[in-house]
Amino acid sequence: KAGVTQTPRYLIKTRGQQVTLSCSPISGHRSVSWYQQTPGQGLQFLFEYFSETQRNKGNFPGRFSGRQFSNSRSEMNVSTLELGDSALYLCASSLPTGEFPTKGSYNEQFFGPGTRLTVL
Amino acid sequence: GENVEQHPSTLSVQEGDSAVIKCTYSDSASNYFPWYKQELGKRPQLIIDIRSNVGEKKDQRIAVTLNKTAKHFSLHITETQPEDSAVYFCAASLFTGGGNKLTFGTGTQLKVEL
Chain A
270 KAGVTQTPRY LIKTRGQQVT LSCSPISGHR SVSWYQQTPG QGLQFLFEYF SETQRNKGNF
330 PGRFSGRQFS NSRSEMNVST LELGDSALYL CASSLPTGEF PTKGSYNEQF FGPGTRLTVL
Chain B
2 GENVEQHPST LSVQEGDSAV IKCTYSDSAS NYFPWYKQEL GKRPQLIIDI RSNVGEKKDQ
62 RIAVTLNKTA KHFSLHITET QPEDSAVYFC AASLFTGGGN KLTFGTGTQL KVEL
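Quick note, the sequences are listed as chains A and B, same order. Start counting at 1 in the first sequence, then tack on 269, and there's your number in our numbering. Start counting at 1 in the second sequence, then tack on 1, and there's your number in our numbering.
Source of the hints: derived by calculation from the structure; they are not laboratory data. Even for Gly, the Cβ is constructed at its ideal location relative to N, Cα and C. Any given hint could turn out to be false.
[As the list claims (entries may be wrong)] Just so you have them, the derived chain B footprint on chain A, three or more residues with Cβ under 8 Å:
(1) 328 to 335
(2) 363 to 373
(3) 381 to 389
[As the list claims (entries may be wrong)] Calculated Cβ distances over 12 Å to all of chain A for the following chain B residues:
(4) 7
(5) 9
(6) 13
(7) 43
(8) 47
(9) 79
[Claimed, not checked] Listed next, the in silico DMTMM-like pairs over lysine to aspartate or glutamate satisfying Cα-Cα at most 20 Å (straight line):
(10) 326(A) to 3(B)
(11) 372(A) to 85(B)
(12) 59(B) to 377(A)
(13) 38(B) to 85(B)
(14) 326(A) to 84(B)
(15) 59(B) to 84(B)
(16) 372(A) to 40(B)
(17) 43(B) to 3(B)
(18) 38(B) to 377(A)
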C-alpha cells in the first residue's frame, strides 16, 4: 500500500510569513504525528493528532499549530516565520490499536519523506 | 519532561567490525525505546525497539539492550556492512495506549569503511 506522503516537498518563505504543510497518512491510519528535524536539535516532537483531536503536544510555541481532517489527513501551520524555523518537517502515521507500536506490528509508526522549509 | 542523550555523535568502523551506540534517558517512567535509521536524504525507519519489561532484543545483526536501573539503552550492530552507514537515532517514550510522544537523541552518524 502507498506510504505516507507530504506536500510540498520543498518550500522557501521569508520571515514573518506563514506556511501550511500537509501530510497524508497510510490508508487506514488514524494517528498523525509531526516532528521538526534540524542539524543541531535532531528530531523534536511537535504534536500528535488522532481522530481529529490533538492528543499529545511538544514544547513548541503557539506559532506552531495543526489540525486533522475526517479522512485523517493532517496539516500543520507555522505563523510569523522565523529564521530558526528552517528545518525538515516530518510527519508519521500509525493505526493505532492501543498496543505498543512495535516494529512489524499493526501499530508500527511510519514516517513520510518530509517537507524541507527554508526561511530567508 | 523526558531528555535523551546519545553518544557518540559520529562513529567510524571498518567493515565487519561491531558498532555500539549508547543512549541515556531521564524519565524512569519511560517504557518504550525505539531505534531509527535515517539514510542520507531519506525518511527515518524503525529498525528495532524494546519495551521496558525486556532486557535485550535481537534481530539478525542488530540488538538492543536496556538497563532500567541505570536508565540507559544501547544499539549493537555486528558484522557491519557499507549499507549500515547512516544516522541512527534512539528515542524514548512513555507509551500509555493513548499516543506515542517520542523524545529523540541527537543522532549518531555511523560510517562503515571498506
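Hint-by-hint comparison with the structure:
1. Chain B is given as covering the segment 328 to 335 of chain A, and this is violated because 1 residues of the stretch bring a CB closer than 8 Å to a CB of that chain, at least three being needed.
2. Evaluation of the coverage hint for the segment 363 to 373 of chain A: fulfilled, as 8 residues show C-beta separations to chain B shorter than 8 Å, against a requirement of three.
3. Note: the segment 381 to 389 of chain A has 3 residues with beta-carbon separation from chain B under 8 Å; the three-residue rule is met and the coverage holds.
4. Residue placement check: residue 7(B) does not keep its beta carbon more than 12 Å from all beta carbons of chain A (closest about 8 Å).
5. Against the 12 Å criterion, residue 9(B) stays outside the reach of chain A, whose nearest CB is about 14 Å from its own CB.
6. The Cβ of residue 13(B) sits about 19 Å from the closest Cβ of chain A, beyond the 12 Å cut-off, so the non-interface label holds.
7. The Cβ of residue 43(B) does not lie farther than 12 Å from every Cβ of chain A; its closest approach is about 8 Å, which violates its non-interface assignment.
8. Non-interface call for residue 47(B) relative to chain A: violated, since the shortest CB-CB distance, roughly 5 Å, does not exceed 12 Å.
9. Distance check on residue 79(B): its Cβ is at least 18 Å (rounded) from any Cβ of chain A, clearing the 12 Å threshold; non-interface status holds.
10. Restraint check: the Cα-Cα separation between residue 326(A) and residue 3(B) comes to about 13 Å, which is no more than 20 Å; the hinted pair holds.
11. A threshold of 20 Å between alpha carbons decides the hint, and for residue 372(A) with residue 85(B) the separation of about 18 Å falls inside it, so the pair holds.
12. With a C-alpha separation of about 18 Å, the suggested pairing of residue 59(B) with residue 377(A) holds against the 20 Å cut-off.
13. With a CA separation close to 9 Å, the supplied pair residue 38(B) and residue 85(B) stays within the 20 Å bound.
14. A C-alpha spacing of about 35 Å is found between residue 326(A) and residue 84(B), which places the hinted pair above 20 Å, so the restraint is violated.
15. A distance of roughly 19 Å separates the Cα atoms of residue 59(B) and residue 84(B); the hinted pair therefore holds under the 20 Å criterion.
16. A distance of roughly 18 Å separates the Cα atoms of residue 372(A) and residue 40(B); the hinted pair therefore holds under the 20 Å criterion.
17. A distance of roughly 26 Å separates the Cα atoms of residue 43(B) and residue 3(B); the hinted pair therefore is violated under the 20 Å criterion.
18. For the proposed pair residue 38(B) and residue 377(A), the alpha carbon gap of about 15 Å is at most 20 Å, so the pair holds.
Violation of the numbered hints given earlier is confined to hints 1, 4, 7, 8, 14, 17; the remaining hints are satisfied by the structure.
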